[in-house]
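If you're matching positions, the sequence shown starts at 19 in the numbering used here and goes up one per residue.
Simulated from the structure, these hints should not be mistaken for lab results.
Watch out, some of these pointers could steer you wrong.
What the hints assert, rightly or not - List of simulated lysine to any residue pairs, SDA-like, C-alpha gap at most 25 angstroms:
1) LYS401 / ASP390
2) LYS83 / ASN490
3) LYS682 / CYS648
4) LYS444 / THR468
5) LYS23 / LYS83
6) LYS299 / GLU204
7) LYS102 / SER33
8) LYS89 / GLU631
9) LYS385 / ALA248
10) LYS556 / GLN643
11) LYS92 / ALA137
12) LYS315 / LYS401
13) LYS92 / GLY633
14) LYS354 / SER344
15) LYS678 / GLU204
16) LYS526 / ARG388
17) LYS316 / LEU293
18) LYS226 / LYS353
19) LYS385 / GLU202
20) LYS92 / ASP122
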Amino acid sequence: MAKRKLNCYIYTRVSTELQLDGYSLEAQKERLRKEASHRGMRIVGEYSDEGKSGKNVAGRPEFRKMLADIKSGKDNVDYVLVFKLSRFGRNTADTLNSLQYMEDYGVNLLCVEDNIDSAGASGKLMISVLAAVAEIERENIKEQTMAGRQQKARDGLWNGGFAPYGYKLVNVDGQKSKMLVVDEEEAKLIRLIYEKYLQGMGVNAVAKWLNENGYTKTVRQNGTVPNISAHFVTNVLDNPVYCGKISYGRRRTEKIDGTRNEFHVVKQDKESYKLYQGQHKAIIDEDTWYRVQVKRKKNAFKREKTHSLLHEHILSGIIKCPVCGSSMYGVVNRKKKKGSDEFYTDMWYYLCKNRKMVSGHLCDYKKHIRQDEINAEVIQLVKYVFCGENDMKDQILKKLGSDDSLSELLQEKERLTKEHEKLDSKKSKQLRRINGLDIDDELYDDLMKTYRAGVQEINEQIAIIENQMYQNDLSIENAQGENLSAEVYKRIIDEMLDHIDDMPDSDKKLMMNLLIEKVEIYEEKQKDGRWVKSVQFKIPLNVDGKLVDTMFFDDEDTENSLSNEKHVETVVLLSQQKPDDTIEIDLDLDELDATSAETKATYQEIKDYVLKEFGLKVSSLYISQVKRKCGIEVGENYNLPKSENARVPQCPKKKEDAIKAALKYFAMI
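Take the sequences, apply the hints, and build the full model.
The structure is reproduced here in structure tokens:
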């Protein structure tokens, strides 16, 4: 009987980040193909990670795909061929774990240049030793690279990356590295920023003055918004490169506590990093730069609240600008009486956050909206929804208590688990049949082929079920993370119904944030004195047998009016629940708070991207937190824990970086 030809995968990796790896991807592939041919192996799959570090498995998508294919058994593979063990991994624990994982599925590792076969008696021992050596080598490479970068800083040379605004990188004769050269057009803006700041302006005031006087930035790789933001001004004022210095250690990669191979970038205090004299020409003199730093340090304190400590902007962040759709926030107008130390009564307003150039975006809507007017309208609508004939409290609490979607997901999990157990049992029976075959039986080859085909088919079914189980686990995690607490709602709603007018502003704000997703307003006050156009609730409401989450004010007075003679029209919008019926309407998308960024990718698409590229699971809560940091408008998260002292989880730095990468991939930032 002819011996079966062994199937193999080949895996290649090169780290272009350090550029210290001796062989290119093509050279590795060619060597592995020749070795497979020499050993009579059939290559059934090729996997390659270009520019990926070998420090862990998570950062190598092709490697993880290879392991998944091994698990599925789709190619009946016997070996994985790598050029050297260091290409397989440079971390001892990950290398041995991956090797054990492969061996659990009957797959061995062959390191061609090292001449190590894990199937041999001493193969795994040699792999353990070499893996430890490879990890030490990786740490040495890292230390040498960092030492090289620090020496480069000592020499006054730019350490890589895009040139800071005001400079460009050019090749200079006699220099191996590109040199920073002043871009005179851009440098004018840099000098002006320092000048205005030392004249007494703050960071926001400098940005505002520059924009109002027609100054813009050059659009370049590391600056895609032409308008000047306060953040840009801050970076310019804090960067020592403009006074002719090169810094080293402004940001450091530090290990995340409690992990083995997870790191994050941490910004260092000014006193912690080193400054060296650069070889480039300074745009501003050292005296100017140090005077700015003194002022920056002096201004780096939190101003105390001088107005009423009891007042809260109860709709801040919820109310949306009618022009740009961004959130509006609360401000106070506090004036002192002439010739007296007394103040006039504080006046409170809502303003568009983009009325001043802070994030590089400017809105023309400058109107001050009185808080007492809009607050009263929204509170009255809430009363209408939850009180009287339109009482929604019992319906909402019933819906919250039922938790249908989570219940269905848990039932699906139970079904998938049982199906997985059945397939495992079926596979075990098939393997026992194979082990029980008599090699002398004349039907041995046919039976072996049939049984193996059966095992492969079962493996494929198991792989499908496991993928469904994984997706189900993610859905359960998201449902549990996003499910609103019925107890919190009941407590707040009861308090609202009995004492809404007497509640302190802090409780009113909590209530509004729990119940309301956003409030849209008109650009101008209407003839009847009304500002509010619509209110969207965080949960769907059952009105006249229809599920709705947004209440629109009608422009015409009808018999179904509120106490202030404002009619409420109900409209079916997006909802997690399936409504019994729908109402067709003409809807202008410009009226919704859906920026171009928000429409580019769903939360699930972002989760899928992060999982695929970084091997990380992220929740909708973490995505929302990162989107807010990036200035993307999202509804605030008010999934409050049952205990008031419970900790709200914050997105870890590693996952934050991964989410930001996804947002960049989908062109949302």
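Numbers of unmet hints, in rising order:
Those not satisfied are hints 12, 14, 15 and 19.
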